[in-house]
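**Q** All chains, please: the whole structure from these sequences, using the hints.
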Amino acid sequence: MASYSTNEFRGGLKVLFEGDPCIILENEFVKPGKGQGFSRVRLRNLMTNRVWDRTFKSNESLEGADVMDQDMEYLYTDGQFWHFMLTDGSFEQYAADGKAVGDTLKWLKEQNVYTVTLFNGAPLTITPPNFVELEVVETDPGMKGDTAQGGSKPATLSTGAVVSVPLFITIGEVLKVDTRTGEYMNRVKS
Amino acid sequence: MSNADSWQPGAASRALKSRAQQLSFVRGFFAQRQVLEVETPVLGRCGVTDPSLSGIAARVSAAGRQGGWLQTSPEYHMKRLLAAGCGDIYQVTKVFRDGESGRRHNPEFSMLEWYRCGFDDQTLMNEVADLVCSWLDCLRPHTLSYREALRRWAHIDPFTCTDAQLHARCGQWMEPQQLVGMSRDDCLDLLMSFAVEPRLGLDCPVFIHQYPASQASLARTSQVGSFAVAHRFELYINGLELCNGYWELTDADEQRRRFAADNRLRQARGQAAMEQDDAFLAAMDSGLPDCAGVALGLDRLLMLKLGASSIDEVLAFPFARA
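Protein sequence lines, in the order shown, are assigned to chains S and B. Read in our numbering, the first sequence has 185 at position 185, and its numbers run on one by one without any break. Read in our numbering, the second sequence has 1022 at position 22, and its numbers run on one by one without any break.
Hints in this document: simulated from the structure, not taken from any laboratory. Among the hints, erroneous ones may be present.
Derived Cβ-Cβ restraints for the label pairs, each shown as a range [claimed, not checked]: (1) S:Asp-88 <-> B:Arg-1321: 32 to 42 Å; (2) S:Ala-122 <-> B:Gly-1171: 27 to 37 Å; (3) S:Asp-71 <-> B:Asp-1157: 20 to 30 Å; (4) B:Arg-1103 <-> S:Lys-153: 48 to 58 Å; (5) B:Arg-1103 <-> S:Gly-64: 22 to 32 Å; (6) S:Met-185 <-> B:Ser-1310: 31 to 41 Å; (7) B:Arg-1184 <-> S:Asn-59: 47 to 57 Å; (8) B:Thr-1143 <-> S:Ala-122: 52 to 62 Å.
Covered stretches of chain B (in silico footprint by chain S; criterion: 3 or more residues with CB under 8 Å from a CB of chain S, positions within the stretch not fixed) [to be verified]: (9) 1102 to 1113; (10) 1173 to 1184; (11) 1190 to 1197.
The beta carbon of each residue, even a glycine, is placed where N, CA and C say it ideally should be.
**A** Shown next as structure tokens:
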């Protein structure tokens, strides 16, 4: 991988820092009137999501990180790994561990397409699409006539995710959910 | 930039108008004081030896000469004019510094530089205050020594602290392995940038003066108490550094020693040595009149006038759109 000096730093650049892949969020160049310049850099560790502020002398450099995002279809889990397949027609498969899947577990549905971030060729994180459509497998009985306003209740979806839904939702309905907020959007006609 | 709007200017029309007014104010200010406006080359034969400045090399081929440098400052050429006896002069020009980009930096920027014969640093500070306060309608600056500023905000005495104390203080911003090989001045620059500058000139503009002699650049030095200090000053307003001025060094031999020291430092850091500007040194040999000079960033002055937080707001086309 190429290495990048401070004046090549920019938001979105992926670099290795203390062995971990990081994305640069901000880079502020600071320099006293005369003398040594510095870069104040905000990085997000892609393994832990922790945000770091670090200072570099001008012309210090960081190695680039071999990180790339790929669209992949979720296939199945064998209990230990979650298996994904590239959607580019190559049928190439990748196995993600529980750490990579993380919170996305509750949005994983077979045949849906996810963004798999690969680090040195191995899944690092799995990002769900912004919206997923999932079936309700458990919720209290719906109340007639209550279609417009008022109250909500929990509903368990086929993946195990629990979302807050209007009272009229019944078991077997398919819902559109925003994975970023975990909020119910609407019913989907099946 | 590849967006469809990338052709559009970065500055609002208010900033463009204010820039024009600022330029006419500056010209009026110096006309009234009978300081002559001059123009010197933006493209010169030599660059600059200063290890913390990166010039931008030009691939010129003309008049039997190959190559040149976009100037980081008009200083050498203006001093050649001074040595030739042209008297008090000022210039508004573009200068170029590679690698400098950010909220307060653009690799190309507008500089106002002027020289006053017979002035020292104190009298020139007064004139800087006249110009800046009259344009910004702000309070007259206080004056604070570099030593006092570092003691107050970085909690360290820049002249008497040990290297170990200095490194320990820098540990707030840098890892121990990053500090290896950093000189005292590099460490002081770090503290100045992160601990001191953000606090300077918040209530009232402030001149920092009496820099350590090791940071004299082209200023003359003298003893203040038991410390060697440079007759150099900078003006800060709202944490923004606005200008850098010197009671100018006139000793050509000392100038040669400083150029050589710069190049030794460059080599130690793995930077290419820079050719020393012999025409400038010859002018120094022939006699630079006693004078003080200052360089002031006009884009930053405009930022202060308009309350802009980024230099991009005051540039018609910041580098990303240039």
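**Q** State for each hint whether it applies.
**A** For each hint, the structure was consulted:
Here the CB-CB span from Asp-88 of chain S to Arg-1321 of chain B is close to 35 Å, well matched to the stated 32 to 42 Å. For Ala-122 of chain S and Gly-1171 of chain B, the Cβ-Cβ distance of about 35 Å falls inside the hinted range of 27 to 37 Å, so the restraint holds. Between Asp-71 of chain S and Asp-1157 of chain B the Cβ separation comes to about 59 Å, which falls outside the hinted range of 20 to 30 Å. For Arg-1103 of chain B and Lys-153 of chain S, the hinted distance range of 48 to 58 Å is satisfied, since their beta carbons lie about 50 Å from each other.
Taken as a hint, the range 22 to 32 Å holds for the pair Arg-1103 of chain B and Gly-64 of chain S, whose Cβ atoms sit roughly 25 Å apart. Checked against the given bound of 31 to 41 Å, the beta carbons of Met-185 of chain S and Ser-1310 of chain B, roughly 37 Å apart, stay inside it. Range check, Arg-1184 of chain B to Asn-59 of chain S: Cβ separation about 19 Å, and the 47 to 57 Å hint is violated. Checked against the given bound of 52 to 62 Å, the beta carbons of Thr-1143 of chain B and Ala-122 of chain S, roughly 60 Å apart, stay inside it.
With a cut-off of 8 Å between beta carbons, the region 1102 to 1113 of chain B has 4 residues touching chain S; three or more are needed, and the interface restraint holds. With 4 residues having a Cβ less than 8 Å from any Cβ of chain S, the region 1173 to 1184 of chain B passes the three-residue criterion, so the hint holds. Restraint check on the region 1190 to 1197 of chain B versus chain S: 5 residues with Cβ-Cβ distances below 8 Å, three needed, restraint holds.
Hint check: violations occur at hints 3, 7; the rest are consistent with the structure.
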